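The opening residue of the sequence shown carries number 1 in my numbering; numbering runs sequentially from there.
For the record, the hints were derived by calculation from the structure and aren't laboratory data. Errors might be hidden in some of the hints.
[Said to hold, decoys possible] Label pairs and their in silico Cβ distance ranges:
#	residue 1	residue 2	range
1	Thr40	Ala66	30 to 40 Å
2	Thr33	Phe74	44 to 54 Å
3	Ala11	Leu80	28 to 38 Å
Since we're looking at a predicted model, the values are computed, not measured. Using N, Cα and C, we set each Cβ at its ideal position, and we do this for glycine too.
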Amino acid sequence: MIEPLYLQGGAASIVILIGAALIYWFCAVKPGTVDFLINTDMEMKKVNWSTRKDIIASTYVVIGSAFLIAALIFTVDVLLKTLFQSIGVLHS
Numbered sequence: 001m002i003e004p005l006y007l008q009g010g011a012a013s014i015v016i017l018i019g020a021a022l023i024y025w026f027c028a029v030k031p032g033t034v035d036f037l038i039n040t041d042m043e044m045k046k047v048n049w050s051t052r053k054d055i056i057a058s059t060y061v062v063i064g065s066a067f068l069i070a071a072l073i074f075t076v077d078v079l080l081k082t083l084f085q086s087i088g089v090l091h092s
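Based on the provided sequences and hints, a complete structural model is requested.
Pasting the structure below:
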């Protein structure tokens, strides 16, 4: 009798091979998909990409904004907690 582990491994291998064959057919053989990928590549070459300096500056703005929003939410949370404890809605 064949071990169940070997059957599971064989079944998984067959599923992976069928999936790989379908992905290959969809991405490399099907004409519509190939044309789409070629057109996408041509459009990507036309894009005016940001400079490294701009990306770093934008990243700092996003990170700083995230910290400011987090600090604001924390402050409002503490104030609401204090308010609700003082009027007896929350118990400490």
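Going through the hints against the structure:
Checked against the hint of 30 to 40 Å, the pair Thr40 and Ala66 passes, with Cβ atoms roughly 32 Å apart. Range check, Thr33 to Phe74: about 48 Å between beta-carbon atoms, so the 44 to 54 Å window is met. A hinted range of 28 to 38 Å for the beta carbons of Ala11 and Leu80 is inconsistent with their spacing of about 55 Å.
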